[in-house]
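A.B. asks: Letter by letter, the chains look like this.
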Amino acid sequence: MAKEMYYENINVGDAMPPLVKGPLQKLQLVMYAGASGDFNPLHTIDDFAKAVGMKDGVIAHGMLIMGTVGQAISSWVPQKYLKKFVVRFAGMTKPNNTITVTGTVTDKRVEGGENLITCEVVAKDENGDVKVSGRFVAALPKKK
Amino acid sequence: MADLSKVGSKYAPMSWEVERGKIRELAKAIGDPNPIYQDKEAAIKEGYKDSPAPPTFLTVPMMWSDRMPTVINDLKINFMMVLHGEEEYEYYQPIYPGDVITGTPVVAKAEEKVSKSGAKMDMVTIEILYTNQRGEKVAKARSLLVERK
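Those protein sequences? They're chains A and B, same order as listed. Position one of the first sequence corresponds to residue 1 (the numbering used here), numbered consecutively onward. Position one of the second sequence corresponds to residue 1 (the numbering used here), numbered consecutively onward.
Please note that a few of the clues may not be correct.
[As the list claims (entries may be wrong)] Here are the simulated lysine to aspartate or glutamate pairs, DMTMM-like style, with alpha carbons at most 25 Å apart: (1) A:K80 with B:D3; (2) A:K83 with B:E41; (3) A:K83 with B:E46; (4) B:K149 with B:E90; (5) B:K28 with A:D107; (6) A:K21 with B:E86.
[To be verified] Residues from chain A that face chain B, not an exhaustive set, calculated with beta carbons under 8 Å: (7) G37; (8) I59; (9) M63; (10) Q71; (11) N127.
Derived by calculation from the structure, the hints in this document are not laboratory data. Using N, Cα and C, we set each Cβ at its ideal position, and we do this for glycine too.
Chain A on its own, in the form it takes in the complex (with noise of 0.2 Å):
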């Protein structure tokens, strides 16, 4: 899906292309959950997670957050591309959030034989409220 993408062509500024996705639906969670491996109730079972303090019910995984800032990155630079992706887990995300990812190229720069870009990437909920914030750095082919 994603297109080839050259290091000659991306510039310190650029945009991603954003991602919105929304809103979240709790069956979400649960095939996250099985897919995933993580069964902790927290994100599946609203009387445990009310129990434990969170008075909506559940929230979801930070790891599909996570995913989803993946999804907007892979359908923009090519996945084999990517080294490095990291991320800070900052806000919970609940039910009926719309997530949308965005992310702006920081840094462009040759380095031990690689055409390195570094973007910084945030997935916000529909109020604004950061969710995720972090980063992906990615070596880029040039143009032959």
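Model the placement of chain B on the given structure of chain A, informed by the hints.
C.D. replies: Okay, now just chain B, sitting in the frame of chain A:
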């Protein structure tokens, strides 16, 4: 409270066979429609040998092998008070269906920190270097666990 003296501790290696169906299932659960994760031919057209494991796939062996609970117990971290603070991946080569990846968890860092509001927290970083069935490095994962006290 986390046992901060465990810095440098290594845990038993975990091995995991990467199944095509698990790659599809994880992509589907994320809701990622990229055909490279569903269809080998689509992946080959984009320069892969097969459907690659998505960027966050390494959470799967960690959770399904029950390794994280083992590490958390050994570190005497209160499971109810633990938050996933950060996750970091370094990629050395793609992971494909049929690969058998092996990772050895190491406690890379463990320290107490005080937040701006004065709350004390233990910050523990678990690092796992994964190799494949040929002994080649495929990726490194770093997870920061935050235990509220």
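A.B. asks: Hint by hint, note whether the structure agrees.
C.D. replies: For each hint, the structure was consulted:
no. : hint              : result
1   : A:K80 with B:D3   : violated, 38 Å
2   : A:K83 with B:E41  : holds, 24 Å
3   : A:K83 with B:E46  : holds, 17 Å
4   : B:K149 with B:E90 : violated, 31 Å
5   : B:K28 with A:D107 : violated, 32 Å
6   : A:K21 with B:E86  : holds, 22 Å
7   : G37               : holds, 3 Å
8   : I59               : violated, 11 Å
9   : M63               : holds, 5 Å
10  : Q71               : holds, 4 Å
11  : N127              : violated, 21 Å
In the structure shown, a violation is registered for the earlier hints numbered 1, 4, 5, 8 and 11, in ascending order.
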